[in-house]
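Listed below, chain by chain, are the residues.
Protein chains: 2
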Amino acid sequence: MIGNFTYHNPTKLYFGPNAVESLGDELMKYGKTVQLIYGGGSIKQSGLYEEIMEILLACGKNVVEDGGVMPNPTYDRVKLGAKRAKDNGVDLLLAVGGGSVCDYAKAVSVSAYCEENFWEKYYIRFEEPTCKLLPVGCVLTMAGTGSEMNGGSVITNRAQKLKIGHVFGSDVMPKFSILDPQLTYTLPERQMIAGIYDIFNHICEQYFSGEDDNVTDYIAEGLMKAVISASRKAKKDPHDYEARSNIMWAATWALNTLLDKGKTTDWEVHMLGQAVGAYTDATHGMTLAAVSLPYYRYILPYGVKKFKRFATEVWGVKEEGTDEEIAQKGLSAMENWMKELGLTLNISDLGATEEMIEGIADATRVQKGGYHVLTRPEIVKILKESL
Amino acid sequence: MIGNFTYHNPTKLYFGPNAVESLGDELMKYGKTVQLIYGGGSIKQSGLYEEIMEILLACGKNVVEDGGVMPNPTYDRVKLGAKRAKDNGVDLLLAVGGGSVCDYAKAVSVSAYCEENFWEKYYIRFEEPTCKLLPVGCVLTMAGTGSEMNGGSVITNRAQKLKIGHVFGSDVMPKFSILDPQLTYTLPERQMIAGIYDIFNHICEQYFSGEDDNVTDYIAEGLMKAVISASRKAKKDPHDYEARSNIMWAATWALNTLLDKGKTTDWEVHMLGQAVGAYTDATHGMTLAAVSLPYYRYILPYGVKKFKRFATEVWGVKEEGTDEEIAQKGLSAMENWMKELGLTLNISDLGATEEMIEGIADATRVQKGGYHVLTRPEIVKILKESL
Chain W
24 MIGNFTYHNP
34 TKLYFGPNAV
44 ESLGDELMKY
54 GKTVQLIYGG
64 GSIKQSGLYE
74 EIMEILLACG
84 KNVVEDGGVM
94 PNPTYDRVKL
104 GAKRAKDNGV
114 DLLLAVGGGS
124 VCDYAKAVSV
134 SAYCEENFWE
144 KYYIRFEEPT
154 CKLLPVGCVL
164 TMAGTGSEMN
174 GGSVITNRAQ
184 KLKIGHVFGS
194 DVMPKFSILD
204 PQLTYTLPER
214 QMIAGIYDIF
224 NHICEQYFSG
234 EDDNVTDYIA
244 EGLMKAVISA
254 SRKAKKDPHD
264 YEARSNIMWA
274 ATWALNTLLD
284 KGKTTDWEVH
294 MLGQAVGAYT
304 DATHGMTLAA
314 VSLPYYRYIL
324 PYGVKKFKRF
334 ATEVWGVKEE
344 GTDEEIAQKG
354 LSAMENWMKE
364 LGLTLNISDL
374 GATEEMIEGI
384 ADATRVQKGG
394 YHVLTRPEIV
404 KILKESL
Chain E
24 MIGNFTYHNP
34 TKLYFGPNAV
44 ESLGDELMKY
54 GKTVQLIYGG
64 GSIKQSGLYE
74 EIMEILLACG
84 KNVVEDGGVM
94 PNPTYDRVKL
104 GAKRAKDNGV
114 DLLLAVGGGS
124 VCDYAKAVSV
134 SAYCEENFWE
144 KYYIRFEEPT
154 CKLLPVGCVL
164 TMAGTGSEMN
174 GGSVITNRAQ
184 KLKIGHVFGS
194 DVMPKFSILD
204 PQLTYTLPER
214 QMIAGIYDIF
224 NHICEQYFSG
234 EDDNVTDYIA
244 EGLMKAVISA
254 SRKAKKDPHD
264 YEARSNIMWA
274 ATWALNTLLD
284 KGKTTDWEVH
294 MLGQAVGAYT
304 DATHGMTLAA
314 VSLPYYRYIL
324 PYGVKKFKRF
334 ATEVWGVKEE
344 GTDEEIAQKG
354 LSAMENWMKE
364 LGLTLNISDL
374 GATEEMIEGI
384 ADATRVQKGG
394 YHVLTRPEIV
404 KILKESL
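Protein chains in written order, with this note's numbering: chain W, 24 to 410; chain E, 24 to 410.
Think of the hints as simulated: they come from the structure by calculation, not from any bench. Treat the hints loosely; a few may be bogus.
For chains that are exact copies, the list does not tell them apart, and a pair is met inside one copy or across any two.
Stated by the list, open to error - Okay, derived cross-link-like pairs now, DSSO-like style, lysine-lysine, Cα gap no bigger than 27 Å in a straight line:
1. Lys-52 <-> Lys-155
2. Lys-259 <-> Lys-328
3. Lys-258 <-> Lys-328
4. Lys-35 <-> Lys-52
5. Lys-35 <-> Lys-198
6. Lys-407 <-> Lys-52
7. Lys-329 <-> Lys-259
8. Lys-352 <-> Lys-102
9. Lys-67 <-> Lys-198
10. Lys-329 <-> Lys-341
11. Lys-404 <-> Lys-52
12. Lys-52 <-> Lys-198
13. Lys-341 <-> Lys-256
14. Lys-184 <-> Lys-198
15. Lys-407 <-> Lys-352
16. Lys-55 <-> Lys-341
17. Lys-328 <-> Lys-52
18. Lys-198 <-> Lys-155
19. Lys-328 <-> Lys-256
20. Lys-341 <-> Lys-35
21. Lys-404 <-> Lys-155
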């Protein structure tokens with residue numbers, strides 16, 4: 024563990040098949056007006072919308088509807104939601120859905136009473152909120168982003184072709200999140216495996232930095248092994264409660280600020296993936312999957328020791344050959360697992376074209392915490408190999 | 024992950040070499056009167072007392088002294104501290120020391136305004152507090168109990184020869200804890216290794232239950248490997264910051280309620296060890312070490328699959344021989360590590376005698392979450408083997 028850090032994560036989690044039953048208790052802690060945030064309407068098909076609405080009305084709440092939030096929530100949509108929250112004097116933002124609606128709810132929370140242009144303030148200048156914040160609660164229907172227990176909020180600015188995440192502090196983290204693994208059963212397989220890779224990559228992004236013998240890396244390896252094991256079971260049977268619950272719980276811990284403690288962290292795969300997402304509007308987890316192997320193979324020589332540890336500790340690769348050979352075998356094992364799950368391994372399959380490469384490279388932010396800081400030509404090279 | 028659970032741990036942690044600098048910011052959140060709780064005076068020798076006192080005075084606090092708390096804080100001592108807190112209208116309990124002072128501070132927190140006999144209420148009937156609670160903050164000088172980020176409070180009733188822990192909810196958890204690994208440097212080696220075994224055993228107690236493929240168990244294995252690695256380095260050089268910081272951070276996560284999620288948990292080693300402690304007043308970690316191997320060897324046949332996994336995943340034992348043979352080799356590897364550290368492996372070395380066995384057995388609470396529920400004759404047998 025290096026240097027000084029603070030850990031503070033006050034989000035209260037209700038986990039399990041009856042978790043939604045606790046929503047009423049939580050609602051009673053807040054005022055009368057609740058902005059109900061959700062996505063494209065799958066919660067109406069599943070019956071969850073009705074269930075939540077019944078609880079809200081039983082608790083005597085005024086409900087301000089805010090449905091139809093898109094998978095990659097936009098700056099314009101947040102502006103609308105923020106105005107709605109302020110105009111209605113909303114007391115609680117209740118996000119029902121996956122990471123996108125949680126991210127959106129946090130963006131609304133910090134923007135409703137923000138006097139400045141919030142895109143510039145939070146997503147360009149990365150400043151902290153100084154205005155009144157609205158509390159956020161989540162009912163999660165999809166495991167992946169970890170948004171249910173962190174301050175992260177990724178927003179897309181279509182006009183600027185930018186998809187940028189701000190990780191806010193503990194004041195912006197959800198006050199409570201409700202995690203019932205059964206609610207993830209109805210998710211299409213493609214969304215499930217994209218979520219699984221998102222989780223796995225969150226762990227990788229934090230793991231592939233530093234070379235010390237850090238507690239955090241041991242926890243990361245445990246989480247990776249848990250995700251690999253559960254993903255295979257969930258692929259076979261999406262209604263395997265054991266597997267889906269392990270995936271959901273691993274997702275939360277993969278990105279709730281624990282794994283970055285004592286680490287510099289990388290996050291370049293996310294920068295590349297988000298840039299691809301800004302151009303293609305493709306599913307987040309798939310964009311990560313499609314750029315990961317070219318990126319990791321490219322940086323492997325700069326972090327051989329850790330990639331070797333990844334190979335032996337996470338994938339059970341035998342210690343035969345040079346360190347670099349062992350390290351390469353780890354990435355091959357990871358590639359096999361990715362193919363087994365059915366992840367998209369090329370950005371062209373997501374709609375990216377050779378012509379977009381320069382633009383995507385422009386939109387890719389360079390991170391400095393990993394084993395190698397990418398130059399512009401290196402970004403282009405990796406993107407071309409991802410095609 | 025089985026069934027329903029709630030996770031809520033709002034303790035704010037400041038970690039690292041400059042962590043104490045954050046104390047002032049935290050103090051400003053509370054009223055004027057601070058009860059300063061500490062142990063036998065080692066913080067006066069180290070200069071920490073003076074440093075803390077300067078910060079308290081600079082923040083304009085009235086300090087109510089409460090020093091001299093013993094290593095196994097007693098019911099009588101808590102009564103005294105609780106009266107002191109109430110009489111002085113204390114606004115914050117600031118514990119500076121190891122797990123004992125933190126545990127004591129929590130006991131004072133729930134007892135100061137408790138109208139009933141608090142020993143009976145909390146430590147015999149295990150009820151939750153209904154009275155006003157006093158906020159607790161910690162400055163940790165010893166890694167082991169995890170008390171800095173949980174609701175646990177172990178108190179000894181000398182008259183009844185009982186040492187009992189109550190795990191309170193998130194309201195009783197410290198509001199903040201300050202963790203500077205350098206503050207643990209001055210600890211005598213014996214205390215350091217007792218703390219290390221306490222950490223390791225906290226993980227074991229939660230790990231050795233259930234047979235599902237649980238995220239929590241993967242995290243537990245990672246934490247165990249981190250503790251083993253760091254303990255060897257700290258034994259060689261107690262001023263190895265890397266090692267001491269990893270031990271301190273692992274201690275916090277070994278017992279902050281994360282590892283029991285989705286698990287039944289065992290805790291029988293703690294029940295045996297605490298009973299030995301009530302009779303001998305020996306260091307907590309050493310009592311655990313002295314009963315562990317006889318206990319684990321006794322229950323191994325009831326949980327072979329998990330003990331085998333422990334052997335291969337934590338100790339790198341090769342998969343040769345029967346499951347039981349592999350499992351036994353794991354415990355042998357653990358025994359070698361315990362000897363290497365210099366842990367006490369017999370309760371007779373801690374002052375326990377054959378004559379005490381029946382009394383210690385009487386004081387041993389039987390837990391039901393592990394692989395086997397002990398009968399009275401089995402408890403006696405294990406204690407005799409621990410002699």
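Right, here's what the structure says about each hint:
Proximity of Lys-52 to Lys-155 under the C-alpha cut-off of 27 Å is found in both arrangements, the shortest distances being 18 Å within a copy and 19 Å between copies. When the C-alpha separation of Lys-259 and Lys-328 is checked against a cutoff of 27 Å, the pair qualifies only between copies, where the shortest distance is 24 Å, while the shortest distance within a copy is 34 Å. In this assembly of identical chains, Lys-258 and Lys-328 lie within 27 Å of each other by CA distance solely across copies; the values are 25 Å between and 32 Å within a copy. With identical chains, the CA atoms of Lys-35 and Lys-52 are at most 27 Å apart both within one copy (13 Å) and between copies (22 Å).
In this assembly of identical chains, the alpha carbons of Lys-35 and Lys-198 lie at most 27 Å apart whether taken from the same copy (6 Å) or from different copies (15 Å). In this assembly of identical chains, Lys-407 and Lys-52 lie within 27 Å of each other by CA distance neither inside one copy nor across copies; the values are 52 Å within and 54 Å between. Taking the shortest Cα distances, Lys-329 and Lys-259 sit within 27 Å of each other only across copies (25 Å), while inside one copy they are farther apart (31 Å). In this homomeric assembly, Lys-352 and Lys-102 never come within 27 Å of each other (Cα to Cα): the closest approach is 47 Å inside a single copy and 62 Å across copies.
Only within a single protomer do Lys-67 and Lys-198 lie at most 27 Å apart by alpha-carbon distance; the minimum there is 24 Å, versus 40 Å between protomers. When the C-alpha separation of Lys-329 and Lys-341 is checked against a cutoff of 27 Å, the pair qualifies both within a copy, at 15 Å, and between copies, at 23 Å. Taking the closest pair of Cα atoms, Lys-404 and Lys-52 never come within 27 Å of each other, the shortest separation being 52 Å inside a single copy and 52 Å across copies. In this homomeric assembly, Lys-52 and Lys-198 come within 27 Å of each other (Cα to Cα) both inside a single copy, at 10 Å, and across copies, at 20 Å.
In this homomeric assembly, Lys-341 and Lys-256 come within 27 Å of each other (Cα to Cα) both inside a single copy, at 24 Å, and across copies, at 26 Å. When the C-alpha separation of Lys-184 and Lys-198 is checked against a cutoff of 27 Å, the pair qualifies neither within a copy, at 32 Å, nor between copies, at 43 Å. In this homomeric assembly, Lys-407 and Lys-352 come within 27 Å of each other (Cα to Cα) only inside a single copy, at 23 Å, whereas the closest approach across copies is 51 Å. Taking the closest pair of Cα atoms, Lys-55 and Lys-341 never come within 27 Å of each other, the shortest separation being 60 Å inside a single copy and 61 Å across copies.
In this assembly of identical chains, Lys-328 and Lys-52 lie within 27 Å of each other by CA distance neither inside one copy nor across copies; the values are 50 Å within and 45 Å between. In the homo-oligomer, the alpha carbons of Lys-198 and Lys-155 lie at most 27 Å apart both inside one protomer (15 Å) and across protomers (23 Å), since each shortest distance falls under that limit. When the C-alpha separation of Lys-328 and Lys-256 is checked against a cutoff of 27 Å, the pair qualifies only between copies, where the shortest distance is 20 Å, while the shortest distance within a copy is 31 Å. With identical chains, the CA atoms of Lys-341 and Lys-35 are never at most 27 Å apart, being 41 Å at best within one copy and 41 Å at best between copies.
Taking the shortest Cα distances, Lys-404 and Lys-155 never come within 27 Å of each other, neither inside one copy (44 Å) nor across copies (63 Å).
Violated hints for the displayed structure, listed by number in ascending order: 6, 8, 11, 14, 16, 17, 20 and 21.
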